[in-house]
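Visitor: Sequence:
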Amino acid sequence: MQQKTSDITNGRPASPYLTVEEAAEYLRTTPQGVYSLVKRGRIKPMPGRPGRLLFTRQALDGYLIGRFRR
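Quick note on numbering: the sequence shown equals residues 8 to 77 in my numbering.
Label-pair distances were calculated between CB atoms; the ranges are: (1) T26 / G48: 18 to 24 Å; (2) S22 / P57: 15 to 21 Å; (3) P20 / R74: 28 to 34 Å; (4) S43 / P20: 28 to 34 Å; (5) T37 / R59: 16 to 22 Å; (6) P20 / R47: 30 to 36 Å; (7) I72 / Y42: 17 to 23 Å; (8) K46 / P20: 29 to 35 Å; (9) G40 / P20: 25 to 31 Å; (10) R35 / R59: 18 to 24 Å; (11) P20 / A66: 16 to 22 Å.
The hints are simulated quantities; they were obtained by calculation from the structure and are not laboratory data. Don't be surprised by glycine CBs; every beta carbon is placed ideally from N, CA and C.
Working from the sequences, and respecting the hints, build out all of it.
Guide: What follows is the structure in structure tokens.
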């Protein structure tokens with residue numbers, strides 16, 4: 008049985024969490040832009056990983072939806 012490309016990334020199963028770089032690509036901004044959004048409280052990273060920010064697509068979608076409702 009062959010798995011879908013979206014289920015595997017570089018030979019590993021796709022993670023439900025996005026790194027800063029992946030979040031920046033998802034939001035079409037830069038990693039520095041993501042750090043700025045976190046600092047201003049616009050998006051919240053997942054708790055429990057000091058020194059490494061991880062995000063869910065749901066959190067990023069919530070930011071995007073709120074941004075375009077104004």
